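These protein sequences, in sequence, are chains A and B.
Residue numbering for the first sequence follows the numbering used here, starting at 1 and increasing by one per position.
Residue numbering for the second sequence follows the numbering used here, starting at 1001 and increasing by one per position.
It should be emphasised that the hints constitute simulated quantities derived from the structure, not laboratory data.
Hints are supplied without guarantee of correctness; some may be wrong.
30 angstroms max Cα-Cα, derived DSS-like pairs, lysine-lysine [to be verified]: (1) A:K355 - A:K420; (2) B:K1311 - A:K97; (3) B:K1557 - B:K1058; (4) B:K1506 - B:K1557; (5) A:K434 - A:K355; (6) B:K1422 - A:K97; (7) A:K369 - A:K434; (8) B:K1033 - B:K1060; (9) B:K1311 - A:K3.
Chain A stretches covered by chain B per the calculated footprint, using a threshold of three residues with CB under 8 angstroms from any CB of chain B [as the list claims (entries may be wrong)]: (10) 74-83; (11) 277-283.
Fair warning: this is a prediction, and the values are worked out from it, not measured in the lab.
For glycine and all other residues, C-beta sits at the position ideal for the given N, C-alpha and C.
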Amino acid sequence: MRKAERSLGVVFFPAFDWAISPTHPEREERLLYTQDQLHEEGLFDVEGVREYKPDVAERTDVERTHFCFPDVDAVTTRSHLVSAGGAIRAARLVMEKQAERAFAMVRPPGHHAMKCVRGARGFCNVNMEAIMIDWLREHYGLRRIAIVDTDCHHGDGTQDVFWHDPDVLFISLHQDGRTLFPGTGFPIESGGPAARGRTINIPLPPGTGDEGVLMVIRELVMPLLEDFGPELIINSAGQDNHYTDPITNMNVSAQGYAELNSILNPDIAVLEGGYAIQGALPYVNLGICLAMAGMDYSMVHEPDYRAESLRQDPRITSYVEELCRQMPRVYHNPPESPQSAEHGMRDGDWWVRNKSIFYDTGGFQETQKESALLCDNCRGVLQIESQVGSVRCLGVEVPLDACPACQNRGHAIVEQAQLKSAFRYVQLIDRVNKQYSRFGF
Amino acid sequence: MYLGIDVGGTHTDAVALDISGPGVEVVSACKVKTHPQNLLASVNEALERILKGVDRNKVKRLNLSTTLSTNAIVEGRIEDVGVLVIPGPGMDPTEYMLCRDFHVLDGAMDHRGNETARLDKAQCARAIAACRANGVNTFAAVGKFSVRNPLHENTLRHMLCGSRDDADCHRADFVTLGHHLGGRLNFPRRAATAYFNCAVWRLYNEFADAVEKSLQALGLGHVRVNVLKADGGTMPLAVSRRMPVQSIFSGPAASVMGIIALCEIVHDSVILDIGGTTTDIAVFADGSPLLERAGIAIGSHPTLVRALRVKSIGVGGDSALSMIGDTVRVGPRRLGPSMAEGGRHPTLTDALNYLEYCAVGDVQTSRRGVTEFAEAHTISADKFAEQAVQAAAGTIHEETRALIAEINDQPVYTIHELIEGKRIVPRKLYLMGGPAEALQKPLFSRFQLASEAPEHFAVANAVGAALTRTTTDVELFADTQKHVMFLPGLGHHENIPGSYSLEDAKRDAMNHLLARLADLKLSSDADRAEITHASSFNMVEGMHTTGRNMRVKCQIKPGVERTLG
Ligand SMILES: [Zn+2]
Ligand SMILES: [Zn+2]
Chain A
1 MRKAERSLGV
11 VFFPAFDWAI
21 SPTHPEREER
31 LLYTQDQLHE
41 EGLFDVEGVR
51 EYKPDVAERT
61 DVERTHFCFP
71 DVDAVTTRSH
81 LVSAGGAIRA
91 ARLVMEKQAE
101 RAFAMVRPPG
111 HHAMKCVRGA
121 RGFCNVNMEA
131 IMIDWLREHY
141 GLRRIAIVDT
151 DCHHGDGTQD
161 VFWHDPDVLF
171 ISLHQDGRTL
181 FPGTGFPIES
191 GGPAARGRTI
201 NIPLPPGTGD
211 EGVLMVIREL
221 VMPLLEDFGP
231 ELIINSAGQD
241 NHYTDPITNM
251 NVSAQGYAEL
261 NSILNPDIAV
271 LEGGYAIQGA
281 LPYVNLGICL
291 AMAGMDYSMV
301 HEPDYRAESL
311 RQDPRITSYV
321 EELCRQMPRV
331 YHNPPESPQS
341 AEHGMRDGDW
351 WVRNKSIFYD
361 TGGFQETQKE
371 SALLCDNCRG
381 VLQIESQVGS
391 VRCLGVEVPL
401 DACPACQNRG
411 HAIVEQAQLK
421 SAFRYVQLID
431 RVNKQYSRFG
441 F
Chain B
1001 MYLGIDVGGT
1011 HTDAVALDIS
1021 GPGVEVVSAC
1031 KVKTHPQNLL
1041 ASVNEALERI
1051 LKGVDRNKVK
1061 RLNLSTTLST
1071 NAIVEGRIED
1081 VGVLVIPGPG
1091 MDPTEYMLCR
1101 DFHVLDGAMD
1111 HRGNETARLD
1121 KAQCARAIAA
1131 CRANGVNTFA
1141 AVGKFSVRNP
1151 LHENTLRHML
1161 CGSRDDADCH
1171 RADFVTLGHH
1181 LGGRLNFPRR
1191 AATAYFNCAV
1201 WRLYNEFADA
1211 VEKSLQALGL
1221 GHVRVNVLKA
1231 DGGTMPLAVS
1241 RRMPVQSIFS
1251 GPAASVMGII
1261 ALCEIVHDSV
1271 ILDIGGTTTD
1281 IAVFADGSPL
1291 LERAGIAIGS
1301 HPTLVRALRV
1311 KSIGVGGDSA
1321 LSMIGDTVRV
1331 GPRRLGPSMA
1341 EGGRHPTLTD
1351 ALNYLEYCAV
1361 GDVQTSRRGV
1371 TEFAEAHTIS
1381 ADKFAEQAVQ
1391 AAAGTIHEET
1401 RALIAEINDQ
1411 PVYTIHELIE
1421 GKRIVPRKLY
1431 LMGGPAEALQ
1441 KPLFSRFQLA
1451 SEAPEHFAVA
1461 NAVGAALTRT
1471 TTDVELFADT
1481 QKHVMFLPGL
1491 GHHENIPGSY
1501 SLEDAKRDAM
1511 NHLLARLADL
1521 KLSSDADRAE
1531 ITHASSFNMV
1541 EGMHTTGRNM
1551 RVKCQIKPGV
1561 ERTLG
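My request is simple: use the sequences and hints to build the entire structure.
If you want it as structure tokens, here you go:
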């Protein structure tokens, strides 16, 4: 009888009846070969490894995390609620101690979905990890959580959602934004005024392989996690760093991904991108599952794997070494970010940044003014004014542990906005009173 | 006239059914002791008894459910098998090393059936020679993804048999190829199933020979013999000779098919077969029994053998009663028979006797035993007996609820199924087995469901065996980019054009299933053929669709030929 060293729950949901469009990378077939591989390996017959069905997230679960304009139904499909529900089920498995580790192998992905959602960008509508974390906090009172995003693309959505949150450490490893969508994720982006050093961006040069990624995990990420002391570690497990991925330029193998998970030892992993669906995903997903379950993954290889041809350029190695030396400063001793409209600047009692966000799927531009109240007693009420075309919307968040003044301030802003009717839609997220409401139609 | 025999662990049940009229009539039935070392004697004895006064020329069919293979495996009376596996990359194959002569060979297929590494023939030859040197002459050859491309398994067969002709194998006694076990993906299960199939092959065939011989001797040489499978179907004896592993664990299926024959089941229902030591729980969805998702396990080895989903729990008439603190417990241990039947420790049956829910054996002894035990544990006898019955009903109820929750929580892979998929909500309870009637009331108060305990339930398993239909299934896999279509279970492949559609795939799968029925001389069952799965995925490279990847499954629906109702 094969036995896992650590019990692992796999929430496998390939959504075989959902695609963005018939030839889009995010299509029905994406997890087909992964399913074949996992089933053919008999993974779910291993004692301690079990397959689970996703929950279906409720509208409230989305509204707890995101400002959705016009509303949740307009910016999501059932597939998004199922995918978010898959992440929630994974969290539930771990919290209810049905499994020591859980992997939500679900689609569509979510790490490009930001705090305010007006449509789809980077194949993402809502943010699965963020919805899961806020669900966990509300239902289990967790506080300190670390997310390590190992997708090849910068997790700009997750970064945005937790930008002002000092209790979430967000670390993203990705191909350098100067060479890949979404073009962000530089070390200078290190978190809002109340959460400086809680966003860590590690851009890697194209061509980085197992060696470089594992070096970053071992020498940079692990010490930071140890210092931060999270109650839960979550891996945004994108698989597009793979050497065969069609839309990126990295050189990571299934072995590299498995070892990464073995070192990182996340409590929960949530699948993100990864579009080499035949040559990479079956092996990478298997490798991650085995690593999470504490089982031997040394024989998991892509059929075309040749270690020699993936050897990392020494220049990349020395670049990564330097990165590992420099980056801890961003966490321990975050530099003041330059005061600018783009990076944020002080405006009275508020910290204000202006953002322009392109929704590549819908092909439209959103302009945002994000204001966080600089409060001495809490991390401050947050408001986002969002405009697409002529439709203006307002989202107001009273964050977890907001002080009474900020709670009142949040509600007052919403009342004012209704009176003035300057906004077509207004949404309030009151995390203290667990009140999620929207106005306008 | 149909005969049904269910050789169980302790008893062998048999019936003769008259089907000449529109219905079914039980002509004779019997229960004889099973002789574990001589199952044939039990079969013969049961036959002699049910055929008393029956015109043997009118007997058309005998359906037989036997524990032969199961017992042989449990007791280790199996022969050595050479297991040749081709795992390719993935999980460590030595983690499920099945036996001494287990050889891991080079070579690999990927999930689409592309050969990604070749067999090393010299290595294969060495492995085969090593098995033969150990006196091994039955072989299982199993490759990962062989159900997508059987090339390596076929090559090994050729090397093992010394012939390319499927019917000819002059160098080995018997060879099982993994892909012949069907199209389902699960390499470790495929390996285990092929191994067990070989391990019981010789013993099983000797038994089959002996059964045929004694049928001749009993003047039943003309009778068609089928063997029960665990999935609620039968297979002709000739088929079972090549697939003896399919005969394991058919007992619970016989009982479940029995209840179908005795009652008209149309809704979501729960079937409780309450026996001496265990209660078997089965669940029906819209009147059809549910199958195990992947297959049944033999010992600690999961296999691909399809089986009805039956959960066995340690509560039965002979379950010993005990007290832990203030709580009365029923089972899971059995400490001999009930006191009513000469045992020395009070059981559930004794408690039921005490409460006058039934009158089994010596009721006075039950009363005395229950009273003494209760006194020794400073509890009133009434309370003790009542709590024991409540505990039994409570455990059965809890375990049933857990089973249904598990079924409803089974993974699905489409949004449609997830959101609109069927959830099982039982509406009726069917009870069978010794203590069933006695427990009817306490179970009703737990389940709050109408219940029915059919007549003849004592031989329901034999009735089920007699009336069970033959089932068979076919799986088809097509890849239009590679221009191949493959039916692993039949070892059939064909070239297909790029325009091959899911409709074509469904039609081909059905045609092969019907052709198989014709081979088995069962064309009349064609109306029971159904497609259970059909999916087609566009395969895209870059922005272009390069082909379609299709999977179709069809089967002859399990069922009984007629009902007694
Ligand atoms: Zn990505
Ligand atoms: Zn405040």
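Status of the hints after comparison with the structure:
A C-alpha spacing of about 24 angstroms is found between A:K355 and A:K420, which places the hinted pair at or below 30 angstroms, so the restraint holds. Taken as a hint, the B:K1311 and A:K97 pair is honoured in the structure, with Cα atoms around 24 angstroms apart against an allowance of 30 angstroms. The straight-line distance between the Cα atoms of B:K1557 and B:K1058 is roughly 28 angstroms, inside the 30 angstroms bound, and the hint therefore holds. Note on B:K1506 and B:K1557: the hinted pairing holds, with a Cα-Cα distance of about 16 angstroms set against a maximum of 30 angstroms.
Between A:K434 and A:K355 the CA atoms are separated by roughly 28 angstroms; this keeps the pair inside 30 angstroms, and the hint holds. Restraint check for B:K1422 and A:K97: satisfied, since their Cα atoms lie roughly 28 angstroms apart, inside the 30 angstroms limit. The straight-line distance between the Cα atoms of A:K369 and A:K434 is roughly 25 angstroms, inside the 30 angstroms bound, and the hint therefore holds. For the proposed pair B:K1033 and B:K1060, the alpha carbon gap of about 25 angstroms is at most 30 angstroms, so the pair holds.
For the suggested pair B:K1311 and A:K3, the alpha carbons sit about 23 angstroms apart, so the restraint of at most 30 angstroms is met. With 3 residues having a beta carbon nearer than 8 angstroms to a beta carbon of chain B, the stretch 74-83 of chain A meets the requirement of three or more and the stated coverage holds. Closer than 8 angstroms: that is the beta-carbon criterion, and the stretch 277-283 of chain A has 3 residues meeting it against chain B, so the requirement of 3 holds.
In this structure, none of the earlier numbered hints is contradicted; all agree with it.
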